[in-house]
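K.L.:
Residues per chain are reported as follows:
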Amino acid sequence: MTETLVPFDEVLERYDPAFGLEVHVELNTNTKMFCGCPATFGGEPNSQVCPTCLGLPGSMPVVNAKAVESAIRIGLALNGSIAEWCRFARKNYFYPDMPKNFQTSQYDEPIVYDGYLDVEVEGETFRIEIERAHMEEDTGKTTHIGGATGRIHGADYSLVDYNRAGIPLIEIVTRPILGTGAKAPLVAKAYVAALREILLGLGVSDVRMDQGSMRCDVNLSLSPKGSGKLGTRTETKNVNSLRSVERAVRFEMSRHAGILDAGEAIFQETRHFHEDTGTTSAGRAKSDADDYRYFPEPDLVPVAPSREWVEELRASLPERTADKRARLQVEWGYSDLEMRDVWAAGALSLIEATVAEGASAQAARKWWMAELSRSANDRGVELAELGVTPVQVAEVQKLVDAKTLTDKLARQVFEGLLAGEGTVSEIIDARGLAVVSDDGALGAAVDEAIDAQPAVAEKIRGGNQAAAGALIGAVMKATGGKADAKRVRELILEKLS
Amino acid sequence: MTLIEKTAAELIDALAAGETTSVELTQAHLDRIAAVDGDVHAFLHIDAEGALSQAAASDARRANGDALHALDGVPIAVKDVLTTTGLPTTCGSKILEGWVPPYDATVVKKIKAAGLPILGKTNMDEFAMGSSTEHSAYGPTKNPWKLDRIPGGSGGGSAAAVAAFEAPLALGTDTGGSIRQPGAVTGTVGVKPTYGSVSRYGLVALANSLDQVGPVTRTVLDSALLHELIGGHDPLDSTSTTTPVTGLVDAARAGATGDLKGVKVGVIKELAGEGWAPDVMAKFNESVDLLTKLGADVVEVSTPSFKHAMAAYYLILPAECSSNLAKFDAMRYGLRVTPDGDPSAEDVMKASRDAGFGDEVKRRIILGTYALSSGYYDAYYGQAQKIRTLIIEDFKKAFEQVDVLVSPTSPSTAFPLGAKLDDPLAMYMQDLATIPANLAGTPGISVPAGVSDVDGLPVGVQLLAPVLEDARLYRVGAALEGAIGPVLSIDKLEVAR
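In the order they appear, the protein sequences are chains A and B.
Start counting the first sequence at 0; every next residue gets the next number (numbering that gives the first Met the number 0).
Start counting the second sequence at 0; every next residue gets the next number (numbering that gives the first Met the number 0).
Keep in mind the hints are simulated off the structure, nothing from the lab.
Just to be clear, a hint being listed does not mean it is correct.
As the list claims (entries may be wrong) - Here are a few chain B residues that sit away from chain A, every Cβ distance over 10 Å (derived from the structure):
(1) Tyr137
(2) Pro234
(3) Ala325
(4) Glu468
As the list claims (entries may be wrong) - DSSO-like mimics (lysine-lysine), calculated; alpha carbons at most 27 Å apart, straight line:
(5) Lys236/A to Lys365/A
(6) Lys485/A to Lys407/A
(7) Lys263/B to Lys140/A
(8) Lys292/B to Lys93/B
(9) Lys90/A to Lys385/B
(10) Lys263/B to Lys361/B
(11) Lys365/A to Lys485/A
(12) Lys349/B to Lys90/A
(13) Lys111/B to Lys90/A
(14) Lys481/A to Lys402/A
(15) Lys402/A to Lys476/A
(16) Lys349/B to Lys93/B
All C-beta atoms, glycine included, are put in the ideal place defined by N, C-alpha and C.
Use the sequences and the hints to build the structure in full.
P.N.:
In structure tokens form, the structure reads like this:
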């Protein structure tokens, strides 16, 4: 079946988008949600398991108090209400990566409800309403062997690793977000980015979308412009980066419009996002139809966080992102526009860390927002995923400040870092990137340049300092770009004055 | 009197006095098992080597003055629903044939830590669903009094083992009467402790909100001794109470003096009349008269919601078990049946469960799945939980008037094998008197009331007490037992000396 994809701008002429996001966050607790097994990543398969997380007959769950604490802190940071009393519930379905063939989760009594997050996109603020956040456990990890794509279709057999089974997850669910119009893809991305910043600030998770410690499911529907009714939605999974969130929303909007334009109905289903093409393909039929037969988990007692504990946790929350932004803007002396751009690029924490390592706020902004943003764009990744660290940026800037590197040479260092050539010092040595600032060597090169271009030299002697540019260029070329351009200019003017 | 006819309390004295050794004692019971279990079939697995080696270790400790507990060296049988390392745990089902758990249930840890040699694992209705042990996938257990009769269920194996003098003590489990009802029809003592007072960690769950582990013995004092050993808080069981389990042995000794002055006893009005065999009622009324003679004030008490208990139970239990039994999916342990062709994981799950589960188990899984399904939850499971609240209320009101409640344990004496297999509902009616205590979490005991004037088979009388007041059962139970006199003796059994 060929799909018609309506161009994005046209979609907005006829339809209003509504989207919702379900984000699963893997907590960084020491142990699993319902047992004492280590929750660390990367152990030998099935080495971090016990009767409880293997679902052995007779085993029983015990709640991880730290996970409850993290859930409450997340809820408070999202301006949510914390339930006075809530329970765990069983979500029943069969799958080999589910040791009990039910997931211990929360159903109609989540620990957090009615929160919100304000996000800014191109100067406009949108309030994302958060319906709920609840605690649940992760499943095991299945690897399919033998098929062409590594997915289940066509595989010869599958292997299951239960190390991940039972790791604490917090699922954060938004209400349907309306009224974003053409900005829907950016608002969705901004929400996930903002959520990520908050979770990082709380220290409750690594929130690495590329590693699966933060997973995002994107729900989208269209309704005819101004109709006010919600359309049929599809859910898109395998959205593994901020960029993919934006692209998934954008693609689904175009795809839904194509179907609706043709007078057909949207098939409610779960779709799979493809990174390489930015498209979605059909997965399984959407689980509104699935009956999970939820009932309260009888092996656990209700969780009833005292109001005193909740207030204690509230008092110990880190600074609110909005407050932090405002404070840093003043400290760093950025304009509103500069700060907005920094925020939108996801560079706030990176610049903060770079400044902490001794770089000036202006230098940090220069590197992250220009050179490194360009590199990130070229590679199609987020700044945080680029692989260059704030420590490295600060180190490079220190060398520039010490005049050991010029800006131009610094850019080559970053090139080397991105290519994985080693540490800053290793790259400088290997590529021979030291600035030539020795007056002797420079002097010789300057003399050569003057001799080679007598007409230009005359102009300079005549007072035309701008003409020095041609000579500077020649010296740079002769020194393989390593000359300190400023010093070269000084020497030229000295010699020709 | 031979060794095997001694009570556990008498064996404690004998061991302490050096009149016997644990090896002698354990061997005597193994000999008895060898002699009669071919007919009785109380045991699914007998561990002669293990038991004797544990007995030898016990004797060595005792010789050193290092006995672990009063019961150190007294052999015990364990219902096959509790996990035991080194011994299979089949739950009477083919789906777990040969499964040896990698961990011990907490109650098993406790009896091992006290030095009790474990003779073996006893037979049961498959996954504890039944009232006659005829639903065991390994063949029924026979009532030692008359081998063509049922021993009760689901814990018929433990009751028969103790009744046949194959073991002085046994562990059972009670979800709707599975300790008490077999106790009644075999002339033994069986106790369902207050819900939460004995750990369920390692008890393969049938209905998590109803299950409890309890003692199966020939005397009230023996039950008190075993109950105190296995009771107490377990951090691995989140539903486990923190109130210490003590004072039961003292209560039993106090009761044995035969003075119940000041004790108020309530006869439950609703547990009598149509459906209750006249010979059972006759023996029951005799017991009630005895209570009066012992000084108790006996009144009639009404618990109107008890008439709904059966309906509530047969919704709550199947619902919980349908979820509990989902883990038996051939992926990690247990029977695996791989259909021909290219089966998916789901195909393997279906084939294995179809082959591995018996009809009664399938019946309850289907019932439970239906009761929990979307659109039916409120009408069935939801309503059943409300009835549960009413039953709790009825108990509360009753216990405002009296200290203990009394009723016949079972509506009839041991019926013939096969008599009720074609009529599941008739089978369910066996639990009329015992179910309310499981729904309310209150403790109950069945004490032999005598034998029927019609068929000479045992009749049991049930006592019920408020939550955490298990001691009252032991006091009144011991008094009644003393007044009634011995009911069970080896010469009355079809499997005589």
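K.L.:
Quick one, are Lys236/A and Lys365/A close enough, alpha carbons at most 27 Å?
P.N.:
36 Å, violated
K.L.:
Assess, step by step, whether the Cα of Lys349/B is no farther than 27 Å from the Cα of Lys90/A, and give holds or violated.
P.N.:
Cα-Cα ~20 Å, so holds.
K.L.:
Check the hint pairing Lys349/B with Lys93/B against an upper bound of 27 Å on the C-alpha distance.
P.N.:
15 Å, holds
K.L.:
Would you assess whether Pro234/B, listed as outside the interface, keeps its beta-carbon beyond 10 Å of every beta-carbon in chain A?
P.N.:
Contrary to the label, Pro234/B does not stay out of reach of chain A, its closest Cβ about 7 Å off (not over 10 Å).
K.L.:
Take a quick look at whether Lys365/A and Lys485/A sit within 27 Å of each other, Cα to Cα.
P.N.:
This hinted pair holds, its Cα atoms lying about 20 Å apart.
K.L.:
Beyond 10 Å from chain A, beta-carbon-wise, is Tyr137/B?
P.N.:
17 Å, holds
K.L.:
Evaluate the condition: distance from the CB of Ala325/B to the nearest CB of chain A exceeds 10 Å.
P.N.:
At about 4 Å from chain A, Ala325/B fails to clear the 10 Å cut-off, so the statement is violated.
K.L.:
For Lys263/B and Lys140/A, compute the direct alpha-carbon distance and say whether it is at most 27 Å.
P.N.:
59 Å, violated
K.L.:
Verify the proposed pairing of Lys481/A with Lys402/A, using a straight-line Cα cut of 27 Å.
P.N.:
11 Å, holds
K.L.:
Going straight from one Cα to the other, do Lys90/A and Lys385/B come out at no more than 27 Å?
P.N.:
Holds. Lys90/A to Lys385/B sits at ~22 Å (cutoff 27 Å).
K.L.:
Taking 27 Å as the top limit, are the C-alpha atoms of Lys263/B and Lys361/B close enough?
P.N.:
Not OK: Lys263/B and Lys361/B at ~44 Å, beyond 27 Å, violated.
K.L.:
Keeping to a limit of 27 Å between CA atoms, is the pair of Lys111/B and Lys90/A held or broken?
P.N.:
36 Å, violated
Hint compliance for this structure: hints 2, 3, 5, 7, 8, 10 and 13 are not met, and every other hint is.
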